[in-house]
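> Got chain C; can you put chain P on it based on the hints?
Number of protein chains: 2
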Amino acid sequence: MPRSIALVGFDADDTLWHSETHFQAAHAEFERIVGGYVDLADAGVHERLLATERENIRLFGYGAKGMTLSMIETAIALTGARISAADLHRIVELGKAILRHPVELLPGVRAAVEAVAATHRVVLVTKGDLFHQERKVAESGLAGLFQRIEVVSEKDTASYARLLAEFDLEPARFAMVGNSCKSDIAPVLALGGWGIHVPYPLVWALEQAEVDSAHPRFAKVARLDEVPAVLAGWG
Amino acid sequence: MPRSIALVGFDADDTLWHSETHFQAAHAEFERIVGGYVDLADAGVHERLLATERENIRLFGYGAKGMTLSMIETAIALTGARISAADLHRIVELGKAILRHPVELLPGVRAAVEAVAATHRVVLVTKGDLFHQERKVAESGLAGLFQRIEVVSEKDTASYARLLAEFDLEPARFAMVGNSCKSDIAPVLALGGWGIHVPYPLVWALEQAEVDSAHPRFAKVARLDEVPAVLAGWG
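Protein chains in written order, with numbering that gives the first Met the number 0: chain C, 0 to 234; chain P, 0 to 234.
Isolated chain C, as found in the complex:
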C-alpha cells in the first residue's frame, strides 16, 4: 500500500479568496456608527464586540449572519439602547453587503488547485455559514476541481477525523492547506497529517494560534502556487 499523501484539503476563506478583509471593513464601519453615540476607546467598543461574538459563537456558529446579530446586540448594549433604528438598519446592511460581495480569488489560486488536482484527490474543507459558503464555491468557478465540498461547523480534530473516515484514509496520507493555524494546521498535525500554512495578511482575533514551524510535517509558503512543489517534496 502506498504511504504517500493521497488527499489534499484546501481551506476556502482567505486561502482561495478574500474574506477577512470584508469582515474587518464591516467592523470598522460598525465602529463609525457606534462612535456617533459613545467614545470608542472609553467604551471599549472593539473589545465588547469581540466578547459578544465569542459568547454568541456557541449559539450562532461562524459566519456573517451571526456576526451581524452580534454587532446589533453590541450596539444596543453599548449605547444603552439609545441607537436609532436607522443606524441599526445600517448595521444589518453591513452584514448583507458581506453576503453579497463577489468572490475575489487570491493570486494563482486556480492554477495551484489544478496542479494539485492533477496528482492528488482534492477536497474543499471550510467552516461557517453553509449557504454563504456554497454560494462562494459556486461563484468561484472552482467547484468542479474538488472531489467533495465539506462545510463543517467547526474545524477541529473530530471534524477532520470524520472526513478521513469517510475517505477511508489514514491521517498520514492527508495534507491540509490553509491560512489558519488554529483551524487548518494544528488539528491536522495533531491527527498525524500534514499542514501547509499560507498566511493571509489579516487574521480574525478568534482565529489566532501558533504552530511549531519546525514540525516535520509542516510547511509555510507565501502563495498558493508554491503548494504543488511542497507536496512533491514530501512525496
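In the DMTMM-like style, the derived pairs of lysine to aspartate or glutamate whose C-alpha atoms are separated by at most 25 Å in a straight line are: (1) P:Lys95 to P:Glu54; (2) P:Lys181 to P:Glu206; (3) C:Lys95 to P:Glu54; (4) P:Lys95 to C:Glu153; (5) P:Lys181 to C:Glu133.
The set of hints was computed from the structure by calculation and includes no laboratory data.
Relative to the frame of chain C, chain P by itself:
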C-alpha cells in the same frame, strides 16, 4: 442485484422533533412588538414579514439567524424606523430563544428510526442552519442511528441526486420520510424515489406544496411509527 429500498432518509425539523411551533411563536411575539407601533392588519405585518423572508432567503438561506435579521428589517421598515432599540433587542432575543430551545422529539420517533435502521441504511437529510441543525442532532441522542447526517442548503432534486451519487445508489432504492411535500417528497418522487409524508400540524408558508396522493411510490402516515410497516409493504 436487489431492487428493494436500501436507503431511507429522514427529515429532521417537524419530522423528528418540533420546530415550526417555535418559529410561529416567535412570529406571534414579533407581531405583538410591532403592534405597539402600527395597526397590524392595516400595515399588513404578516405579509410584509413573509415577503422580506422570501426575498432574504436568496441571501441568508434558511434558519433562525436569517429569520431574525428579516424580522429586524421588517420591523424597521414597517415603523418608519420609529421602533426603539430596546424593542429591536427583544426581536434579537426571539431568534436566540429558538436557537437555545431544547429538542423535543415527536411521539414514537426513536423506536421508529431504530426499527428502520434495523433493516435499512438510514441517513438524516435536513436543510437550514448547519450549526443549529448539528446541535439539535447531537442533543436528540439519535445521531448514532444514522449512517450520515447531511445538512444541505436546499432540498431539491440536485441535492438528493448528489446524495444518492455519494451512496452509489439508484433513486428507485431510496425512500425519503418527512413532513414537507415540497422539500422531502416532491423532489424524491421526481427523481424516481419513494416518499412517505408524515404531516406536522403547522407548515411554514414558504414550504407549502401539493403532491399527488395517488402516486404509486407515495404514502402518507399520521405518525413516524407507521413508517416501518409502509417500507415492509413496499418490499
